[in-house]
Amino acid sequence: MDPIEVRSLFKSFTVKEGPVFRKTSKTVSALEGVSFEVKKGEIFGLLGPNGAGKTTTIKTICTLIQPSSGEVYVNGHDVVKDSQRARQDLGVMLTGDRTLYWKLTGRENLEYFAALYHMDRAEAKERIHSLLKLVGLEERQDTLVENYSTGMRMRLSFVKGILHNPPVVLLDEPTMSLDPQSARLIREIIQDLRRDGHAILLTTHYMEEADQLSDRVAVIDHGKIIALAPPRELKETVMKSEVIEIEAQNIDPQIVEKLKGIANISEVVSSIEDASSLRGLIKVHSTDGKNAIPDMLGVLVKGGVEVSNLKIATPTLEDVFISLTGRALRD
Amino acid sequence: MTRLEYTLDPLRAIFKKEVRRLIRYPGEMVFVFLIPYFLTGLVMAMGISVGGASAFGNFAAQTGSSLNPFVFLMIGTGVWMVSWVIMEGIGTLLREEQMKGTLEQNFLAPINRFLLLVGTALSQIVITSLLFVGVVAVSVLLLAPQGALGLLVAFGILMIGLIPLFGIGFVFAALVVRFKEPYAFTQTMNVLFGVLAGAFYNVTVLPSWVRVVSAAIPQSIVIQDMRLAVESVGSIVGAFGSLIALLTMGLVYPVLGYYFFKQFERRAKISGDLSKF
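Residue numbers (my numbering), protein chains in the order written: chain V, 2 to 332; chain E, 39 to 315.
Just so you know, these hints were derived from the structure itself, not from any lab.
Here a beta-carbon is modelled for each residue, glycine too, at the ideal position from N, C-alpha and C.
Among the hints, erroneous ones may be present.
To be verified - Stretches of chain E that chain V covers, calculated by requiring three or more beta carbons in the stretch to come under 8 Å of a beta carbon on chain V:
(1) 39 to 49
(2) 59 to 70
(3) 141 to 147
Construct the entire structure; sequences and hints are all you get.
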């Protein structure tokens with residue numbers, strides 16, 4: 002049995018809506034038949050936009066949420082029937098820096114969680130010391146967490162997740178809010194964990210990170226896995242198209258939509274980075290990109306969109322998602 | 039690691055973490071020590087302004103107690119404050135941890151999740167003991183030193199009374215997370231407990247139907263029996279029945295608390311409530 006096995010996982014929630022005395026209930030489906038497995042010594046990336054079901058999947062694996070149906074096994078332990086043993090074999094880092102006690106020091110936080118994970122006190126002391134040194138928090142170990150920077154809290158939170166050296170590690174956005182140097186350090190540690198044989202499930206918004214780290218990637222959207230393969234294979238599915246990236250100002254969604262009418266253009270998505278100037282990025286997938294460029298520029302310029310840069314780019318995992326769903330990951 | 043260590047180690051860690059938290063919010067500690075003195079002073083001043091020169095005599099006649107009125111009130115307000123601190127400490131614990139984001143982290147650990155409440159409850163023994171010394175013991179030793187021996191018995195009664203009180207705290211903890219209104223609920227109940235437990239008077243002044251409700255809360259018995267113990271150690275023998283009632287509550291209420299907690303846990307796993315504010 003693989004360290005993580007997820008079989009036909011379904012999860013729906015009941016949501017109440019409406020004014021206080023006239024609330025109505027409706028059922029929202031978060032996961033619809035999700036299946037995958039993570040092998041020993043593998044980094045498995047889970048990609049998808051907000052609300053796609055990534056966090057629900059992770060929270061079900063780590064026993065915080067009970068599935069509506071389906072089976073999940075962690076190191077052979079059923080997460081519903083044998084949840085305590087499953088949790089012992091799991092290390093989890095959930096998103097955000099509010100996963101620690103701010104009125105305790107970094108070391109006290111780790112000592113606390115080491116005891117909750119039944120670590121031997123002497124062994125825990127040694128492990129805490131080496132992990133704090135590894136992430137550069139050794140000198141701040143006796144400082145209250147409330148005085149840590151966001152990046153320091155994220156590093157401590159990461160260390161907390163791998164403290165008891167669990168065979169299975171779940172990482173939800175482990176490098177979010179980290180400076181490039183710290184993010185690189187965390188990525189190196191994740192790769193070391195893989196080398197040591199840990200099974201790692203990773204969610205991230207950073208496509209390059211997922212691409213660089215993951216042995217396999219599952220793309221999840223509306224609670225369903227719509228693609229699952231190594232990153233290179235996924236990118237090969239869009240290799241036959243060219244990806245044209247257009248940086249522009251005054252982006253008008255209606256004008257962007259008109260690009261779809263040009264021959265050989267399969268997908269068009271845009272994202273706005275600055276709402277006041279409507280500055281952002283338009284991504285176009287085309288089977289004949291070079292010849293489509295003049296027509297595209299014509300439509301954009303005529304529509305008042307100010308193009309500042311245009312390039313033909315190498316497909317990324319984001320392009321895989323666009324090609325599968327017609328939407329950008331951050332839509 | 040033995041089976042006992044497997045349970046006790048996390049419990050010790052939760053206890054230690056809570057004690058550290060208490061120490062690092064020193065203002066809260068000062069507050070709980072001062073309030074009984076302020077409340078007692080307030081009630082004394084009101085009593086004297088209403089009863090004048092005969093206020094103390096009337097008080098003794100109405101309460102049937104020969105205790106110094108200040109000591110009588112300090113025992114009441116001291117226990118009330120213990121009850122207040124426990125309801126705040128345990129009753130709002132899950133909700134506070136939920137809002138801080140640490141509840142999920144505790145629920146990720148391979149422990150019986152009820153230990154989180156039990157460990158916190160144990161940490162309340164520290165603050166309860168300090169409150170007993172700083173409020174009850176100080177006033178007895180200064181104003182009614184003949185009751186010094188009874189202080190030991192009173193402390194024992196307080197400790198027994200903590201068990202059902204923890205049970206009520208566990209029920210509150212589950213309800214607070216369910217309704218997401220920690221302060222509205224606990225503050226209302228704390229004030230109600232003050233009325234029902236007879237912190238400022240003897241419960242015999244209450245209407246008979248209210249006395250029935252009053253008898254069902256451990257604080258009432260603890261206050262009455264602690265006053266009796268300080269007044270005369272021997273008289274506590276006559277209160278044997280109330281101690282049996284307190285011990286029965288100590289068995290029933292924690293079980294009730296565990297049941298409510300399990301309901302909360304089951305519901306949270308289905309609805310994903312742990313991270314919903």
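Hint check:
no. : hint       : verdict
1   : 39 to 49   : holds (count 4)
2   : 59 to 70   : holds (count 3)
3   : 141 to 147 : holds (count 6)
Violated hints are absent here; each numbered hint is respected by the structure.
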